[in-house]
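Work out the full structure: start from the sequences and follow the hints.
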Amino acid sequence: MSNTSGSHPPMLLATGSEAPAFELPCTPDQTVSLTELRGQPVILAFYPEDWSPVCSDQMALYQEVLPEFRKFNAELLGISVDSVWCHLAFAKDRNLHFPLLSDFEPKGAVARSYGVYRTKEGTSERALFVIDEDGIVRWSYISPVGVNPGADGILHALEGLGKDSGS
Amino acid sequence: MSTSQWEPALTNPVSDERDHIQGPPDAPVTLVEYGDYECPYCGAAYPIIKEIQARMGDRLRFVFRNFPITTSHPHSQQAAEAAEAASAQGKFWEMHDILYENQEDLQQQDLLVYGERLGLQVDRFTTDLAEHIHLERVREDFMSGVHSGVNGTPTFFINGRRHDGSYETETLLGALERALSRET
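From first to last, the protein sequence lines are chains W and A. Residues in the first sequence are numbered from 1 upward in steps of one, following the numbering used here. Residues in the second sequence are numbered from 1 upward in steps of one, following the numbering used here.
In case anyone wonders, no lab produced these hints; they're calculated from the structure. Please note: incorrect hints may appear among the correct ones.
Stated by the list, open to error - Away from chain A, derived, C-beta distances all over 12 Å, residues of chain W:
hint, residue
1, C26
2, N73
3, S113
Unchecked claim - To spell it out: a stretch of chain W is covered by chain A in this simulated footprint if at least three of its residues, at any positions, have a beta carbon under 8 Å from a beta carbon of chain A; those stretches are:
hint, segment
4, 91-102
5, 146-153
Ideal placement from N, C-alpha and C gives every residue a C-beta, glycine not left out.
The structure is reproduced here in structure tokens:
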């Protein structure tokens, strides 16, 4: 797949790796820590920026599919380099009711740790990770920045988690 | 299970019994649209589909499935239910067309006016909407779309494969003609 950004293709965190821990603000006075979510699947949806048209469609779709994610007891986290105030305005405008994390300071640090930071643009890739209840990355996908990756890959990965664990 | 590419494809095949279909069952090309009645892009696609149907005639089968994104379009769910309620009285396509021709007016009272205009049994239509009789059907369509890789509206599938190109008339028609040449 061509890389139109001009930045080097990042080294996407491999499946089977332990998901790098993080704690990021989602509102001016609340944070979300990955470690606290241990014991349930986590969907990490990195997207470049609030407000850009493709991101908005993607997050609106995820809001709509949220009940299906919840059937797997999965927690959905959106994440971009935007500030918490920007996220708040965006979530309110678009009726999003899941946490949008602010990878703002140091900028893009979490995106870098997952191998999905675009240095030239200063934003993350449009990348999806499904992390299992033990904190292991079980599926990941980088979509071309202009393409909404949909939710079928996430659901397929969540279905796979149950089968693999055998419990 | 790992990082992988996959090609989005229709997970639920077209069903003569369940789906809303225009065109002959044995048409060589099937175009499936996942659409939202309040989505302006679907509104823009609506006359394009009409034109393509006119130009392709019996070579095309067209199928419409519901994909309301209520987060963005608060009236899209009830509009989809209204189309299904009209379908229960044999008037799906008539309602589908009215909804796309009146995208700005999809309030409950508007829907009832459309039902009356189509000569539906108003009591039954009103009850169907009030009791959300067709909510489950709309959700089934939506989830079949999600599983098939629908990522926004409108999303089109040509003979089961997602069409990622534009839906401008010539582009979409070109893709359909290519599918046709593969089939014949």
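For each hint, the structure was consulted:
1. Once the 12 Å rule is applied to beta carbons, C26(W) is consistent with being away from chain A; the minimum gap is 18 Å.
2. No Cβ of chain A comes within 12 Å of the Cβ of N73(W); the nearest lies about 18 Å off, and the non-interface call holds.
3. Taking the minimum C-beta to C-beta distance to chain A, about 17 Å, the non-interface status of S113(W) holds against the 12 Å cut.
4. Given as covered by chain A, the segment 91-102 of chain W passes the check, having 3 residues with a CB less than 8 Å from a CB of that chain where 3 are the minimum.
5. For the segment 146-153 of chain W, the assignment as covered by chain A holds, since 7 residues bring a beta-carbon within under 8 Å of that chain's beta-carbons and 3 suffice.
Checked against the numbered hints above, the structure breaks none of them.
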